[in-house]
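*Asks:* Each chain, letter by letter, is given below.
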Amino acid sequence: MTNQEFDDIIKNKAQQRDAEVPEDIWENIVERKKKRRIPFFWWMFLSLLVTGTGVVWIIHSRAGKSTMALTEKNNTEIQKATQQTAGIDKTGNTGVKQTEGSITTASQKTNGSIVAVVADTKKEKVFTKLQPEINPIHTDVLTEKLLESSSRSKSIAVKKAGKSSLKNTGIEYGNEVVEFFSSKQKPVKERKVFKEKDLIETNENMLPVIAKNKQASDPDVVTENIEDNKTAVVAQNNTTDSSQIKTTLLLPEDSTKKKEKPLIAAIAKKKTASHKNSGIKIEFSVSQILPVQQYKQPLQTRRLVTQRDLTSEFVSDKISTRIESGTGFSVGIVKPINRRWSLGAGIQYLQFTELLELSGVETNSDVNSIRKTKTIIEGRNVYYNVTVPVFVHYSFVKQRKWTAALRAGIYLDVSRKYHNDIPGNFENIYTAGIQPSASKNNIGADIFAGFHISGALSKRYEWFAEPAFRYNLSRYNSTTLSFNKKIHKPTISIGLAYQLRR
Amino acid sequence: MTEAEIIKGCVNKNQVCQRLLYERFAAKMLSLCQRYSRDQQEAKDITQEGFLRVFDCVHQFKFEGSFEGWVTRVFVSVATRHASKRKIIFSGVEESEADITMVDPAVVSKLSEEEIHKLINRMPEGYRLVFNLNVIEGYSHDEIGRLLGIQASTSRTQLTKARRALQSLILKQFNVVLI
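One line per chain: the protein sequences are A and B, in this order.
In terms of the working numbering, the first sequence has 36 at position 36, counting the first letter as 1, and numbering is strictly consecutive.
In terms of the working numbering, the second sequence has 1001 at position 1, counting the first letter as 1, and numbering is strictly consecutive.
The set of hints was computed from the structure by calculation and includes no laboratory data.
Be aware that one or more of the hints could be misleading.
Said to hold, decoys possible - EDC-like mimics (lysine to aspartate or glutamate), calculated; alpha carbons at most 20 Å apart, straight line: (1) B:Lys1118 <-> A:Glu20; (2) B:Lys1028 <-> A:Glu378; (3) B:Lys1028 <-> B:Glu1049; (4) A:Lys485 <-> A:Glu324; (5) B:Lys1013 <-> A:Asp18; (6) B:Lys1013 <-> A:Glu324; (7) A:Lys11 <-> B:Glu1114; (8) B:Lys1008 <-> A:Glu362; (9) B:Lys1110 <-> A:Glu357; (10) B:Lys1110 <-> A:Glu5; (11) A:Lys335 <-> A:Glu462; (12) B:Lys1028 <-> B:Glu1114; (13) B:Lys1044 <-> A:Glu20; (14) B:Lys1028 <-> A:Asp18; (15) A:Lys296 <-> A:Glu427; (16) B:Lys1028 <-> A:Glu427; (17) B:Lys1028 <-> B:Asp1045; (18) A:Lys34 <-> B:Asp1056; (19) B:Lys1172 <-> B:Asp1104; (20) B:Lys1008 <-> B:Glu1064; (21) A:Lys33 <-> A:Glu324; (22) A:Lys372 <-> B:Glu1005; (23) A:Lys11 <-> B:Asp1056; (24) B:Lys1044 <-> A:Glu27; (25) A:Lys33 <-> B:Glu1042; (26) B:Lys1028 <-> B:Asp1104; (27) A:Lys372 <-> A:Asp317; (28) A:Lys318 <-> A:Glu378; (29) A:Lys35 <-> B:Glu1115; (30) B:Lys1085 <-> B:Glu1049.
Work out the full structure: start from the sequences and follow the hints.
*Replies:* What follows is the structure, given as structure tokens:
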């Protein structure tokens, strides 16, 4: 026997052999297929996270530059104002001073109220004190040299002492003495006595944050100011946004009159974290949806496949579908418009699948025979949505650590893709007629409403959870196997929000 | 459902079509994997990986030639890659006088498919790989050299020795049977 003959016999025998296939092989294959799908979602999530972080970083770095530029601009403006007030000071009418490390500005509102502002350029603090007993007006200069930077945003440590303890200072103004001190350094007594409420703090741009504008426009105060003060002056802030402060310098009107009553026109306002971080938030979230379908089943669905002499026609007598839960990834921006209301928008990628089972009769006919078999076709519809959510956000509970809010808006499907993995073209037969399979609908919309609960993780980061319901407005009629249905989406989202610096 | 429809369905990731394809080829491919593996578990692993590869790459099938041939090539590729991870020694084994004895064709024909399969699996791994690739799958020695990372001449030598070893095993098998 030659080698070739031997090889041929062995080859035939080996190739004819069929192994007994254990049942678990297919199960393992299906399981491994599922496991291989998971990384796709993780890659999507990670890529969104990286992109979002990049966007935050870029915006953050730009915001930092803008803040620096603004600070420089404001410093220049303050210095100019100081020079101007210094000029007035020489006349002996203004009472506005400048000391080392601090800048003093003074301004007058159109209604006549007077505010003198002292800015500590080293510590980014501004205090205001108006002392109308002295003529010309004297503005106390307060430099908060001892406060630690970490404690700036919290409050000024104030220690009140009896009047007698300040005998040596010779200061007798009001009923109390105020000392400013830090825990590390020796307290320094200020030269003047004033009340805590007479202080104005500034933001990081060294401009005053005047939350209680009403004091400046208080009728009593205004009247007294007009009567008692000869100098000009005055800066007025009409909003709580310190970046919008405009300084106006007016000429003195009359410095000869003496006032009769003490006047306190300045206010104290503690700087709080909420003021600093009340800007735009960027939100990253993962959503799990449990779709609910609403549709009218067709009388029948039919598929016709023709290959040369063989024609195969499938007609269903029972259709059952089940939509599995889906996952969405979102990035959004939320901008507050006031203390309670915010507006937001973003983008979301959402994917979910639908399992189909079509039972019916398949008729295979060729030239010689016609054969009918009971057939069950199983398949899967996959829906891919790229959606732009636009919403309003109303915070109805605002606690220090957490916030509860309502959210409502619309999800605009800018791209709806549909994939059906069953071979052949189907057509659905409704009572109204046959719907062809060529129709497409690539856009759509959902309205939604839900609760938004968030809590602080750190100064800038927040977690949030959002149970919501999305009501589908437009039908999925991309192909007939979606059966022209509406898919409503109960959703639970969890995510992280990052608060941008103002 | 025709083979073309199944292939098209698999291209569209239709699970039903994938199942049909699996059922059509599972027995043959598991048998192939058993020839390349050391035990049943490894054969099952290679089979699973082979089908996953087929499902992933089925869109590359251009309907030129036999689909079964294409699937077989995918499985052989997976199986040889698995085998390459192991250290395979392509060296001769001590040959006895009986190994050189030529086997009667009638005797070989009497062996069942299962017996042939078992005898092939009793060969040393290096022999078995080359024998499977050349004799059963029809790969040339150059192709085998590229697949296994060996010289074509080594493949030829291994094949000669494998053939003799198998003949020897067949004779021994019959001796046992005849006794």
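*Asks:* Please go over all the hints and tell whether each is borne out by the structure.
*Replies:* To see whether the hints hold, each was checked on the structure:
Restraint check: the Cα-Cα separation between Lys1118 (chain B) and Glu20 (chain A) comes to about 14 Å, which is no more than 20 Å; the hinted pair holds. Straight-line distance between C-alpha atoms of Lys1028 (chain B) and Glu378 (chain A) comes to about 26 Å, which puts the hinted pair past the 20 Å bound. For the given pair, Lys1028 (chain B) sits about 15 Å from Glu1049 (chain B) by alpha-carbon distance, which is consistent with the 20 Å threshold. For the given pair, Lys485 (chain A) sits about 15 Å from Glu324 (chain A) by alpha-carbon distance, which is consistent with the 20 Å threshold.
Our distance criterion of 20 Å between C-alpha atoms is broken by Lys1013 (chain B) and Asp18 (chain A), whose separation comes to about 26 Å. For the hint linking Lys1013 (chain B) to Glu324 (chain A), the alpha-carbon distance of about 17 Å falls within 20 Å, and the restraint holds. Distance hint between Lys11 (chain A) and Glu1114 (chain B) is fulfilled; the C-alpha atoms sit about 13 Å from each other, no more than 20 Å. Between Lys1008 (chain B) and Glu362 (chain A), the direct Cα distance comes to roughly 19 Å. Compliance with the 20 Å bound is thereby established for this hinted pair.
Taking the CA atoms of Lys1110 (chain B) and Glu357 (chain A), the gap is about 49 Å. The hint is violated against a cut of 20 Å. Only pairs whose Cα atoms come within 20 Å are accepted, and Lys1110 (chain B) paired with Glu5 (chain A) is accepted, the gap being roughly 14 Å. The hinted pair formed by Lys335 (chain A) and Glu462 (chain A) meets the criterion: a straight-line CA distance of about 15 Å does not exceed 20 Å. Distance restraint check for Lys1028 (chain B) and Glu1114 (chain B): the Cα-Cα separation of roughly 13 Å lies within the 20 Å cut-off, and the hinted pair is therefore satisfied.
Under the criterion of a C-alpha separation no larger than 20 Å, the hint pairing Lys1044 (chain B) with Glu20 (chain A) is consistent with the structure, at around 11 Å. Taken as a hint, the Lys1028 (chain B) and Asp18 (chain A) pair is honoured in the structure, with Cα atoms around 5 Å apart against an allowance of 20 Å. For the hint linking Lys296 (chain A) to Glu427 (chain A), the alpha-carbon distance of about 15 Å falls within 20 Å, and the restraint holds. The suggested pairing of Lys1028 (chain B) with Glu427 (chain A) is violated, with an alpha-carbon distance near 38 Å, which exceeds 20 Å.
Under the criterion of a C-alpha separation no larger than 20 Å, the hint pairing Lys1028 (chain B) with Asp1045 (chain B) is consistent with the structure, at around 15 Å. With a C-alpha separation of about 13 Å, the suggested pairing of Lys34 (chain A) with Asp1056 (chain B) holds against the 20 Å cut-off. At roughly 13 Å between alpha-carbon atoms, Lys1172 (chain B) and Asp1104 (chain B) fall within 20 Å of each other, so this suggested pair holds. Distance hint between Lys1008 (chain B) and Glu1064 (chain B) is fulfilled; the C-alpha atoms sit about 14 Å from each other, no more than 20 Å.
A C-alpha spacing of about 17 Å is found between Lys33 (chain A) and Glu324 (chain A), which places the hinted pair at or below 20 Å, so the restraint holds. Of the pairs offered as hints, the one joining Lys372 (chain A) and Glu1005 (chain B) holds, with about 19 Å between alpha carbons and a cut-off of 20 Å not exceeded. As the CA atoms of Lys11 (chain A) and Asp1056 (chain B) are separated by approximately 29 Å, the hinted pair breaks the 20 Å bound. Simply put, Lys1044 (chain B) and Glu27 (chain A) have alpha-carbon atoms about 12 Å apart, close enough for the 20 Å limit, and the pair holds.
For the proposed pair Lys33 (chain A) and Glu1042 (chain B), the alpha carbon gap of about 19 Å is at most 20 Å, so the pair holds. This hinted pair does not check out: Lys1028 (chain B) and Asp1104 (chain B) have alpha carbons roughly 28 Å apart, beyond 20 Å. With a CA separation close to 14 Å, the supplied pair Lys372 (chain A) and Asp317 (chain A) stays within the 20 Å bound. Between the alpha carbons of Lys318 (chain A) and Glu378 (chain A) the distance comes to roughly 12 Å, so the proposed pair stays at or under 20 Å and holds.
Of the pairs offered as hints, the one joining Lys35 (chain A) and Glu1115 (chain B) is violated, with about 38 Å between alpha carbons and a cut-off of 20 Å exceeded. The suggested pairing of Lys1085 (chain B) with Glu1049 (chain B) holds, with an alpha-carbon distance near 15 Å, which does not exceed 20 Å.
Going through the hint list in order, the structure does not satisfy hints 2, 5, 9, 16, 23, 26, 29.
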